[in-house]
Amino acid sequence: MSKLQPLWGINFSRPAIESGGLPLITAPLPDQLVVPLNQNIGFAARALVTEGEQVLKGQPIGAITENKLSAQVHAPTSGTVTRLSVQPVPGQDPALCIEIRADGGDHAWPKYTQHKDPLKLSPTQLHEAVSEAGIVGLGGAMFPTGAKLNPKDGVNTLILNGAECEPRISCDDSLMQDSAATILLGAQVMLRILAADKCVIAVKEHTPAAKPMAHAIQQLNDKRFSLVFVPALYPAGGERQLIELLTNTEVPTGGLPKDIGVVCQNVATAYAIATFLSQGEPLISRIITVSGGGIKQPANIMARIGTPISKLIECAGGYTNTASRLIMGGPMMGIALANDKLPVTKACNSFYIADTTELSTTTELPCIRCGDCATVCPAHLMPQLLLQTKRTNDYSQLATLGLPDCMECGCCDYVCPSNIPLTLEFISAKKTLRDIAFGKNRASHAEQRFNARNERLEKQSEQRERQLNQQIEALETPDTSTQNALKELLLRTEKNKHKDQKK
Amino acid sequence: MKFAHTAAPHWLGANSVAIMMRRVLIALLPTLALSTWFLGVGILINTIFACLLCWLLEVIALYLRQRPVMMYANDGSALITALLIALAIPPLMPWWVTACACLFAIVFAKHLYGGLGYNIFNPAMVGYVVVLISFPEYLAKWPTPAETTAGFMYTFDIFLHGRPSHELITDALSGATPLDNIKMQLIQMHTINEILNQNSFGWLAGRGWEWINIAALIGGLWLLAKKVIRWQIPFAMLATMTLLYGIFYINDSSTQPSPLIGLFSGGTMLAAFFVATDPVSAATSDRGRLIYGCGIGALCYAIRTWGSYPDGIAFAVLLMNMAAPLIDRYTLPRIYGHKNKP
Amino acid sequence: MLTGIFIMAGLAGLIGTALLLVTRSTQETTETPVQKINALLPQTQCAQCNYPGCLLYAKAIADGTADIDQCAPGGDATVTALANLLGRSTRKVNPVYGKPQPLSVAVINEAACIGCVLCIDICPVDAIVGASRYTHTVIQKECTGCELCIPLCPVDCIEIVPLHREHIP
Chain A
0 MSKLQPLWGI NFSRPAIESG GLPLITAPLP DQLVVPLNQN IGFAARALVT EGEQVLKGQP
60 IGAITENKLS AQVHAPTSGT VTRLSVQPVP GQDPALCIEI RADGGDHAWP KYTQHKDPLK
120 LSPTQLHEAV SEAGIVGLGG AMFPTGAKLN PKDGVNTLIL NGAECEPRIS CDDSLMQDSA
180 ATILLGAQVM LRILAADKCV IAVKEHTPAA KPMAHAIQQL NDKRFSLVFV PALYPAGGER
240 QLIELLTNTE VPTGGLPKDI GVVCQNVATA YAIATFLSQG EPLISRIITV SGGGIKQPAN
300 IMARIGTPIS KLIECAGGYT NTASRLIMGG PMMGIALAND KLPVTKACNS FYIADTTELS
360 TTTELPCIRC GDCATVCPAH LMPQLLLQTK RTNDYSQLAT LGLPDCMECG CCDYVCPSNI
420 PLTLEFISAK KTLRDIAFGK NRASHAEQRF NARNERLEKQ SEQRERQLNQ QIEALETPDT
480 STQNALKELL LRTEKNKHKD QKK
Chain B
0 MKFAHTAAPH WLGANSVAIM MRRVLIALLP TLALSTWFLG VGILINTIFA CLLCWLLEVI
60 ALYLRQRPVM MYANDGSALI TALLIALAIP PLMPWWVTAC ACLFAIVFAK HLYGGLGYNI
120 FNPAMVGYVV VLISFPEYLA KWPTPAETTA GFMYTFDIFL HGRPSHELIT DALSGATPLD
180 NIKMQLIQMH TINEILNQNS FGWLAGRGWE WINIAALIGG LWLLAKKVIR WQIPFAMLAT
240 MTLLYGIFYI NDSSTQPSPL IGLFSGGTML AAFFVATDPV SAATSDRGRL IYGCGIGALC
300 YAIRTWGSYP DGIAFAVLLM NMAAPLIDRY TLPRIYGHKN KP
Chain C
0 MLTGIFIMAG LAGLIGTALL LVTRSTQETT ETPVQKINAL LPQTQCAQCN YPGCLLYAKA
60 IADGTADIDQ CAPGGDATVT ALANLLGRST RKVNPVYGKP QPLSVAVINE AACIGCVLCI
120 DICPVDAIVG ASRYTHTVIQ KECTGCELCI PLCPVDCIEI VPLHREHIP
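Chains as they are written, first to last, in numbering that gives the first Met the number 0: chain A, 0 to 502; chain B, 0 to 341; chain C, 0 to 168.
FYI, nobody ran anything at the bench for these hints, they're computed from the structure.
All C-beta atoms in this analysis are idealised placements derived from N, C-alpha and C, irrespective of residue type, glycine included.
Simulated DEER-style distance windows between Cβ atoms:
#, chain 1, residue 1, chain 2, residue 2, range
1, C, S88, A, N453, 29 to 35 Å
2, C, N49, B, L325, 43 to 49 Å
3, B, I25, C, A11, 54 to 60 Å
4, A, E461, B, L325, 54 to 60 Å
5, A, N10, B, A32, 32 to 38 Å
6, C, A46, A, Q470, 32 to 38 Å
7, B, T190, C, I14, 41 to 47 Å
8, A, A451, C, D155, 28 to 34 Å
9, A, Q466, C, V33, 31 to 37 Å
10, B, E193, C, I14, 45 to 51 Å
Bound-form chain A, shown alone (with noise of 0.2 Å):
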């Protein structure tokens, strides 16, 4: 095993470890559920249920949009669908959610079969159950994992990503805790669907999750899997940089990691796919890291999708007195969310509640130029450079220093002795600059049709004055036929008149 030691990047070390050993706990089935429909990236599924329905365990109520990057959704439980609306989603534009009031009796939709070894299957039909089971990136990403998993894109490479991006969020770690070998089934799966040779689990150096995940590997005593660990960095659990540790080669810049012959899949989703193949069991739950000071009794939570935060919070001991943000995802990509009442997703990997003392209120101060920004920052790009091309407004050269390929990490906000708020600039400026690109393509296809239809005008006045011109030439030069007849006429009229003569 290789060290690996990245040169930018944030040390965390003993934050992370703090939430390394939180116990896994299952909360209670809620008394009402509400299930967005937008869980994915791309295109919020259809609903199939309406009002009054009674729905089953695993049940599908969203249908993926035809021809369109979507995921199915499922039931979380059985009961009975109460409403159909649009709510706000955490981390989403609000959209459609269906919401359910259950029975209590949890009964399972019959229709799916449990295999006694998925890996008979072919892989079409297990790339079908992946798209049937609902299943999407369970890293925070939500990408469709039945489109990311495509034969055709010629990987040889999965990596499994059990290297928590952020600090303070040990879902994962917990998750390998419990069903190594389950995770491992599912890369197998993974495997097979894309014919790669190769499947690289990587895991934090110093998390409990290291020794279980290798015993599970040894147990497999599969030649193509292999462990590595990689170092306790912020962001090295992030897909680029994780590619980049692992197989020493980039993603290009706008492209994807199957571009290099790399798939890119969380454990977690990995464990969903093995879950519905040999248990019959759709995306329908996941474990969720609920931890922060603002928390009694930090826990990771195997909770069904569309359980209110707020349960989830009485699940670990309820608020301190000093509870102050409630972030969706790690401290230092999460979003903070303004109310409790909102449900979990299929993206919410950690519910961080920090307290007052974990949070630093301070006044920026003028960039020094320490370049600090610049040293930690996993896409080589010079924050303050940016900074100062954003502040005076040249877009066109914030576009040639690499914007788009900031990744809104929040490394440089961290180190910045300034207290600037890079990230937030820099999330503004990369809007104007689409907005500025969109503008730009707008402008050239307006001036191209503008400058087609004038052609066109153009065209059709000159074949109108074509035709004008030759009538007015056909009327002032009358046809040969009209001639003759007349000159007939004439020579008649002669020949009477010489008739009339000799009479």
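Given the coordinates of chain A, work out where chains B and C should sit on it, guided by the hints.
Structure of chains B and C alone, referenced to chain A:
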């Protein structure tokens, strides 16, 4: 329960400009102590005067520019400028010369360019160069051994009036730094060995100066360990100087000083760790910093050897300050996922 | 004296050639000024600047007959871009030529449309489809929001709405 909405990242590091500046000040203390020990109490008088004046000028400038005075004035950057000026100028100095340096540093080089973070040139070096050119008679005059031990009143007289109330009986060489000495005597066809055997030279370089430089080196290494500065600029600068001194020394060791003399004389170490590394006016990319450091080292050697000033660090730093934006532009690192550099 | 003249003349010639070469090599494009100006305009072809089409306005700017602050759809950003290109001082859009607005498109109320074809004829980018005495509709993707069709509609069934980028494929 309702929560506030804030943008990511929610954690921020503990680092701050004030902490960085405080660390630099702490790292300068050994140099200050040893300078006072070897060069006399004048250093201390100048330091206290420069610190008070710079801070006052900073407050006035911030007030006139309508900035939050207390927030900026307490970041310590003015004190660093003051300390660097006090360490750069000779200890026997009338107050108006020091005041002139402070005025040009804080008001002209710093605040007229937009304050901390926007100054193109290192303020302390601008202040120093202004007085170096304007008051050559004071700036070239370094204390003789008798003057360093002459006591507080003698020094304070010079500070107040520009000349001592009573003349001291001086022995031998007076009023020049070791670097100056070497230059002068080389012109007088002495060999390096002859010069080094004189009283004003210690075991490594100029007597006293070697210790001051070692103190600066230690302070600098502590800053490196604390990650306040990066290794590229000091390393590149010192390596370039070692290389240049080395080449010429090997070529002709009788008329060229050795690299050790070069590195431990004058303000070499102070410049390498405290002046050239001033982040605001230096290059910021990793390779850029190496080039920037090399430039300072080479220019410094050139001015020391062929120029008319004994030490060329201030000029070297200011010249490279000008080049820093250009260096940055052409040394951008390759971005992740890109084939070529931007 | 003669040597001096030769030296100076030689130097002048040398520096001149060098300058010429540098200017040649740093010229990025062969675009004409009109093309450069036109590239900065939003191409709505709305004629709010009193020129029928963006290209003609660009020509007018290049000739010096029009000012740079006449493009309302482009907004202040376009004025600034033009000012930077032409080395003039920037300013706001002249309110005589309209108020800057966010990107928008025209929408026809299809229930009210009588199929008069007037809007189809005026549309500078052929973004309206339909036939005589049949309902017309606007292709959102093509519409520039130029508002030329608004005053022509005899039943006032066209309105301008802000553009939602997500809805454009």
